[in-house]
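For the sequence shown, the working numbering gives the first residue as 2, with consecutive numbering after it.
Please keep in mind that the hints were generated in silico from the structure rather than gathered at the bench.
Just so we're clear, the structure is a prediction, and the values are computed from it rather than from any experiment.
There may be inaccurate statements among the hints.
[As the list claims (entries may be wrong)] In silico lysine to any residue, SDA-like type, Cα no more than 20 Å apart, as pairs:
no., residue 1, residue 2
1, Lys87, Asp106
2, Lys139, Arg242
3, Lys71, Asn108
4, Lys71, Ala86
5, Lys104, His39
6, Lys321, Asp262
7, Lys139, Val170
8, Lys158, Asp45
9, Lys87, Asp26
10, Lys194, Leu340
11, Lys321, Ala167
12, Lys289, Pro266
13, Lys158, Val256
14, Lys158, Ile180
15, Lys139, Ala176
16, Lys321, Val309
17, Lys87, Ala122
18, Lys289, Lys139
19, Lys321, Gly379
20, Lys139, Thr171
21, Lys321, Val256
22, Lys158, Asp46
23, Lys158, Arg252
24, Lys87, Ala34
25, Lys71, Thr82
26, Lys87, Leu120
27, Lys289, Gly379
28, Lys71, Ala81
29, Lys289, Pro333
30, Lys139, Glu203
31, Lys104, Thr82
32, Lys71, Lys87
33, Lys289, Thr310
34, Lys158, Ala81
35, Lys194, Thr210
36, Lys139, Ala172
37, Lys289, Ser313
38, Lys87, Asp119
39, Lys289, Ala383
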Amino acid sequence: MTDTTQTKPPKGRARRTKGRFDTDDVTKSIVWARAAGHCELCGDDLTRDVRVGAPLRWGHVAHILPASPKGPRGGGHHDATQAEAKSNDPDNLMLACPGCHTKADTNDEGYPAHDLSDLHAAQVDRIALAARTPQAAKAITLVVLSRHFQTLNLIAKGDLERAMSAEGVTAISAAPPVILPEPMGARDDDYWKTVFRQVRHEIERLLETAKTFHGDVPLLAVLGLADIPALMVVGQAIGDRMPRQLYSFHRISRVQWPDRDAAPPAFQYTPPPDGNGPVALMLSISGKIPERDVLDVLPDARIAVLTVTEPSTLLVQNRKVIHAFVEAIQTPLSDLEALTPDPIHVFPAIPAAFAIEFGAFLTMQHRHPYLVYDRTEGDRFAPILPLGYPQEAPRAL
2 MTDTTQTKPP KGRARRTKGR FDTDDVTKSI VWARAAGHCE LCGDDLTRDV
52 RVGAPLRWGH VAHILPASPK GPRGGGHHDA TQAEAKSNDP DNLMLACPGC
102 HTKADTNDEG YPAHDLSDLH AAQVDRIALA ARTPQAAKAI TLVVLSRHFQ
152 TLNLIAKGDL ERAMSAEGVT AISAAPPVIL PEPMGARDDD YWKTVFRQVR
202 HEIERLLETA KTFHGDVPLL AVLGLADIPA LMVVGQAIGD RMPRQLYSFH
252 RISRVQWPDR DAAPPAFQYT PPPDGNGPVA LMLSISGKIP ERDVLDVLPD
302 ARIAVLTVTE PSTLLVQNRK VIHAFVEAIQ TPLSDLEALT PDPIHVFPAI
352 PAAFAIEFGA FLTMQHRHPY LVYDRTEGDR FAPILPLGYP QEAPRAL
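Construct all of the structure, not just a fragment, from the sequences and the given hints.
See below:
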């Protein structure tokens with residue numbers, strides 16, 4: 002990511018200075034324009050001197066693959082011919098602040114070429130999308146984290162806003178995350194009421210602000226990272242009537258969709274056998290749930306299963322996967338509700354976004370009691386959360 006100078010090369014080829022090729026002024030202008038004058042690594046505005054409040058171009062037009070064969074990320078296959086060709090290729094040139102530029106060049110293993118190229122392409126796409134859609138949709142942001150499973154440091158500031166921008170959605174305000182309390186004892190009825198009220202209060206506050214300054218109620222952009230029962234309560238607090246757009250955390254691409262064009266998986270449903278035992282629904286989607294673990298706590302259970310061919314924590318590649326889950330589970334839930342007036346026992350291994358949607362659509366689409374289980378001490382399932390019609394909260398085992 003070698004810094005470039007302002008000298009003009011001879012017409013027809015890049016000028017070589019001290020063993021490296023320079024970038025011409027036209028290409029530099031293109032790089033500045035495509036990056037909208039902001040650092041592509043940290044987002045700082047590179048067009049203004051914040052110390053005195055005056056305009057200033059203080060960024061570097063910097064190489065991904067270096068301007069010389071011996072530069073950072075050159076490897077053994079980057080020769081002088083490639084260095085010359087890449088020196089005036091806007092796809093190989095990023096706009097960076099001096100600090101990020103230095104970090105990238107002194108830690109080329111931490112900033113590999115393919116990662117920088119992907120980041121650069123995504124940044125250019127987002128800016129181009131914003132230019133093409135000046136009347137972008139607006140949304141208020143709701144980020145929910147939990148102290149229960151130490152998720153507080155996983156979502157960086159601006160992650161959700163950048164993901165929204167990539168889809169042409171503008172965040173009205175960057176509200177701080179809602180931090181769910183860690184349960185002092187069992188996750189009982191009092192705890193779930195606290196979670197519900199905390200999330201509902203924040204949504205009402207955000208909506209009131211949005212109505213005051215923007216008229217129509219905007220979308221609610223939602224990102225949650227907590228235990229599955231808590232996220233179902235978040236969905237209940239949001240409700241199915243609220244226009245919402247869910248996002249998902251991916252350990253590699255973070256809040257950005259890993260593959261926007263990937264087709265959703267085929268969901269496979271197996272109904273429960275005939276009988277008189279309690280009805281259980283295993284959601285084996287982000288991981289496989291052994292049937293014996295369900296029978297361990299419900300020995301006479303009639304088990305229904307909704308799963309995919311290869312359950313994985315990386316299943317949610319784009320929003321189409323979330324929509325496919327909602328469509329896939331609606332009919333099975335209706336069929337199960339017709340089998341019994343008693344609570345349906347739910348054993349979930351599902352992505353966070355699925356849990357939020359599950360809680361949300363139960364507020365409107367399915368007026369039936371459900372009892373959600375979660376693993377507790379000893380990795381054994383225990384009834385944790387009642388949903389649906391009001392009923393006495395179960396005790397954690």
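Here's how the hints hold up against the structure:
Restraint check for Lys87 and Asp106: satisfied, since their Cα atoms lie roughly 17 Å apart, inside the 20 Å limit. A hinted pair counts as satisfied when its Cα atoms are at most 20 Å apart, and Lys139 with Arg242 qualifies at roughly 18 Å. At most 20 Å may separate the alpha-carbon atoms for a hinted pair to count; Lys71 and Asn108 meet this at roughly 15 Å. Restraint check for Lys71 and Ala86: the C-alpha separation of about 15 Å stays at or below 20 Å, so the hint holds.
A C-alpha spacing of about 17 Å is found between Lys104 and His39, which places the hinted pair at or below 20 Å, so the restraint holds. For the hint linking Lys321 to Asp262, the alpha-carbon distance of about 9 Å falls within 20 Å, and the restraint holds. Our distance criterion of 20 Å between C-alpha atoms is met by Lys139 and Val170, whose separation comes to about 6 Å. A distance of roughly 14 Å separates the Cα atoms of Lys158 and Asp45; the hinted pair therefore holds under the 20 Å criterion.
In summary, the hint linking Lys87 to Asp26 is supported, as the alpha carbons are separated by about 15 Å, within the 20 Å threshold. Restraint check for Lys194 and Leu340: the C-alpha separation of about 29 Å exceeds 20 Å, so the hint is violated. Annotation: proposed proximity of Lys321 to Ala167 holds, straight-line Cα distance about 16 Å (limit 20 Å). Taken as a hint, the Lys289 and Pro266 pair is honoured in the structure, with Cα atoms around 15 Å apart against an allowance of 20 Å.
Annotation: proposed proximity of Lys158 to Val256 holds, straight-line Cα distance about 11 Å (limit 20 Å). Taken as a hint, the Lys158 and Ile180 pair is honoured in the structure, with Cα atoms around 14 Å apart against an allowance of 20 Å. Taking the CA atoms of Lys139 and Ala176, the gap is near 14 Å; set against the 20 Å cutoff, the hint holds. Among the hinted pairs, Lys321 with Val309 is consistent with the structure: their alpha-carbon atoms are about 15 Å apart, no more than 20 Å.
For the suggested pair Lys87 and Ala122, the alpha carbons sit about 15 Å apart, so the restraint of at most 20 Å is met. Taking the CA atoms of Lys289 and Lys139, the gap is near 38 Å; set against the 20 Å cutoff, the hint is violated. With a CA separation close to 36 Å, the supplied pair Lys321 and Gly379 exceeds the 20 Å bound. Distance check on the hinted pair: Lys139 and Thr171 sit about 5 Å apart at the alpha-carbon level, within 20 Å; holds.
In summary, the hint linking Lys321 to Val256 is supported, as the alpha carbons are separated by about 15 Å, within the 20 Å threshold. Between Lys158 and Asp46 the alpha-carbon distance is near 17 Å, which keeps this suggested pair within the 20 Å criterion. Simply put, Lys158 and Arg252 have alpha-carbon atoms about 16 Å apart, close enough for the 20 Å limit, and the pair holds. Of the supplied pair hints, the one linking Lys87 and Ala34 holds, its CA atoms being roughly 18 Å apart against a limit of 20 Å.
Proximity of Lys71 to Thr82 is assessed by CA-CA distance (about 13 Å); at most 20 Å being required, the pair is judged to hold. With a CA separation close to 17 Å, the supplied pair Lys87 and Leu120 stays within the 20 Å bound. About 18 Å separates the Cα atoms of Lys289 and Gly379, which keeps this hinted pair within 20 Å; it holds. A C-alpha spacing of about 9 Å is found between Lys71 and Ala81, which places the hinted pair at or below 20 Å, so the restraint holds.
This hinted pair checks out: Lys289 and Pro333 have alpha carbons roughly 19 Å apart, not beyond 20 Å. For a cut-off of 20 Å, the pair hint linking Lys139 to Glu203 stands: about 18 Å separates their Cα positions. Annotation: proposed proximity of Lys104 to Thr82 is violated, straight-line Cα distance about 26 Å (limit 20 Å). At roughly 14 Å between alpha-carbon atoms, Lys71 and Lys87 fall within 20 Å of each other, so this suggested pair holds.
Of the pairs offered as hints, the one joining Lys289 and Thr310 holds, with about 10 Å between alpha carbons and a cut-off of 20 Å not exceeded. A hinted pair counts as satisfied when its Cα atoms are at most 20 Å apart, and Lys158 with Ala81 does not qualify at roughly 40 Å. Under the criterion of a C-alpha separation no larger than 20 Å, the hint pairing Lys194 with Thr210 is inconsistent with the structure, at around 24 Å. For a cut-off of 20 Å, the pair hint linking Lys139 to Ala172 stands: about 6 Å separates their Cα positions.
Proximity of Lys289 to Ser313 is assessed by CA-CA distance (about 9 Å); at most 20 Å being required, the pair is judged to hold. For the given pair, Lys87 sits about 16 Å from Asp119 by alpha-carbon distance, which is consistent with the 20 Å threshold. Simply put, Lys289 and Ala383 have alpha-carbon atoms about 17 Å apart, close enough for the 20 Å limit, and the pair holds.
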